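**Student:** Just so you know, the sequences run in chain order A and B.
Going by our numbering, the final residue of the first sequence carries number 231, and the count climbs one at a time with no gaps.
Going by our numbering, the final residue of the second sequence carries number 299, and the count climbs one at a time with no gaps.
The set of hints was computed from the structure by calculation and includes no laboratory data.
There could be a bad hint or two in this list.
Claimed, not checked - The list that follows gives simulated cross-link-like pairs (lysine to aspartate or glutamate, DMTMM-like), each with its CA atoms no further than 20 Å apart:
1. Lys89/B to Glu152/A
2. Lys89/B to Asp104/A
3. Lys89/B to Asp127/B
Stated by the list, open to error - Residues from chain B that face chain A, not an exhaustive set, calculated with beta carbons under 10 Å:
4. Arg53
5. Gly61
6. Leu90
7. Asp195
8. Pro216
All values derive from a computational prediction rather than experimental measurement.
Every residue gets a Cβ at the ideal spot worked out from N, C-alpha and C, and that includes glycine.
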Amino acid sequence: MTTTATAPTRLGYDDLPRLISLMTGDEKHDAAATSTLDVLWVLYDQVLRVDPDHPDDPGRDRFLLSKGHGPMAYYATLVAQGFFPESWLADWASFDSRLGHHPDRVLVPGVEIGSGSLGHGLPLALGVTLGLRAGGNPARVVVLVGDAELDEGSNAEALAVAAALGTENLTVVVVDNGSASYGVPGRIAERFATEGWAVTTVDGRDHRALAPALSARSAARPSAVVAEVRS
Amino acid sequence: MTAPSPRRQFAATTTALLDERPDLALVWAEISGQYFGDAVRRHPERVVNVGIREQLLVDVGAGMALAGMRPVVHTIGSFLVERAFEQVKLGFAHQAVGGVLVGSGGSFDVAAGGRTHQSPGDVALLDTVPGMHVHAPGTAAETDDVLRRVVTGAGLHYVRVVEQVNDAAFPADGHLHVVRRGAGATVVALGPVLDAVLAATADRDVSVLYSATVRPLDVTTLVSVAGAQPVPEVVLVEPWYAGTSARVVADALRDRPSRLLALGVRREEVRRYGTPAEHVAAHGLDAPGLRASLDAFLG
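The following block holds chain A by itself, in its conformation from the complex (with noise of 0.2 Å):
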C-alpha cells in the first residue's frame, strides 16, 4: 500500500454503524440489519485484491453488487476501505450527490456496474469472467446476488452457461434472508450443485465461516457461496 504523509485512518468493521448512520440519520440503526453488511466486509477486507489508490487497475479483482438495493453498508464498506470520503455519505441520494438509492459505476470509484433492476449482475458477471479470461488476466469476479433476486428468469440463464464453460475465476455469493417467495429450503444450493458448480453453504454472520468460502476456488467450475443470513 502506498504510504504518504497524509494517509487516512484505515477504518474498520467496528465504524461500520457509525458510517451507515450518516446515511439513515438514525443513530440507533442497528447495521447488523443489512444483510449483506458481512459479506462485504469480509470480502473487501479479506479476499479481494482490490486497491482503493489505483480503482481501475486492469489487474484487479472485479466485485459486482448485483442486488443495488439498499446499498448503506456497500457505500460504508468503501469508505472504510478508502476508496471515496466519508463526506459522501451525509447528503447521499441528493442531487448533487454521486451516492444514489442504487449505485452508478460511472459515479463512484471502486463500483464495477450500475446495479437496481434485478437479474443482471450474475449474467454481467460471467460476461466479465470471459472477457478477463479471453484476455488472459487471472482476476476473479465475485458477484452478489440475493436469494429473491433468482427469481429472475436471467440468472438461470447464466447459472447454466457458466459451469459448461467451466469459469473457475467466477463466485457468486447468494445472500440468503428468506426474503424470496415460494423459497424452498436448500433449493438454491442444490440448483447451483446441479448444474455443477461448487457450492458451500455458510453463516452469513460469520466471518471466520465466510473468509475461506468466498477464497475458495475449484478447479475447472465456478463456485457458489449461499450466506444464510437469519437475524
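Assemble chain B onto chain A, guided by the hints.
**Tutor:** Frame of chain A, contents of chain B only:
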C-alpha cells in the same frame, strides 16, 4: 448478378476481424451458427455461443466490454432488441460501455415465419437508448464496410443485417449520399429501399438521398438539399416503422415551413405469410406503392 447475402457477409467479415483484433469477441445464441465454424475453431475463448438465452447473450457481451473487449453480439433482431431490451439499455448504455449489436431478419426476411420473427419496431425502440448508433446496410459490401468501421471505432452500435439489397453500394461514412439531384422534393431512402425509391421516382424531378447510417442521421446534407425549395418537401422512406425518423427530420427543418411524408412499415399486424417481396408490397414500400404515395403527396 446474384447479390451476396449480407448475413453471410456479416459472418465472413466478423471472422476476418477476429483474426485481426485480439480484443474482439463474438457472442451468439445458436442463430447463424452455420456461418461461425471457422471463428469458433480459431478463437474458442473469444467466440461464445450462449445457447438459446438472449438475456444472457446481451449481458455477456456487455460484461466482456466491461473487461475491456470489443464485443459483437448477434441473433435475430426481434430477440436481440425486443426480448433483451433492458439488457441493451442497462448492460451496455447505462454501464457506459460500447459494443456492436448485429440483428438479422429485420421487418421482412422471415415473412413466412410470421410476426414472432419480425422486428419492424427495432429502430424506434433503439432510438430511445442514449448514444445508440443505427446502421442499415443496403448491400453485402456496405455490411462489410459498416462492420469494419464500427468494430474498429468506439461506442454502441446496432447493425441491421437483412437480405433485401440495393443494386449499388455507397460508402458507409455516415453521410447522406446525393444519388440524384432534382428541383423538386427530396426523397430520403434509408437502407435497402433505394432501388424501389429510384424506380418510383424515375420520371419525377426530385432529389434522392441515400444512407446506411440511420442514427445519427446526416441532417446537414438533408437541409442543404431540401433547403433549395422555398417550402421543402421531404419524403422519408425507411423499411421499419413509418415515422421512426420523422422527428429527426422535423427537428432539422424546425426553422422553416416544410412538408413531410413519412413512409415505412405500418403499425398494425398484417397477419399474412408469404415472401419478403409480398410484405414489402403490402406495406406500400415497393415501387408501385411508393409511386402511389408520392402521387398523393406531391400531386
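**Student:** If a hint holds in the structure, say so; if it does not, say that too.
**Tutor:** Do the hints match the structure? See the list:
1. The straight-line distance between the Cα atoms of Lys89/B and Glu152/A is roughly 17 Å, inside the 20 Å bound, and the hint therefore holds.
2. Restraint check: the Cα-Cα separation between Lys89/B and Asp104/A comes to about 14 Å, which is no more than 20 Å; the hinted pair holds.
3. The straight-line distance between the Cα atoms of Lys89/B and Asp127/B is roughly 11 Å, inside the 20 Å bound, and the hint therefore holds.
4. About 4 Å separates the beta-carbon of Arg53/B from the nearest beta-carbon of chain A, less than 10 Å, and the hint is met.
5. With 10 Å as the threshold, the beta carbon of Gly61/B comes within range of chain A, its nearest partner Cβ sitting at about 6 Å, so the hint holds.
6. Hint status for Leu90/B: holds, given a least beta-carbon distance of 6 Å to chain A, under 10 Å.
7. Below 10 Å, beta-carbon pairs count as interface contacts, and Asp195/B has none with chain A, the closest being about 40 Å; its hint is therefore violated.
8. At a threshold of 10 Å, the smallest CB-CB gap from Pro216/B to chain A is about 22 Å, leaving the interface hint violated.
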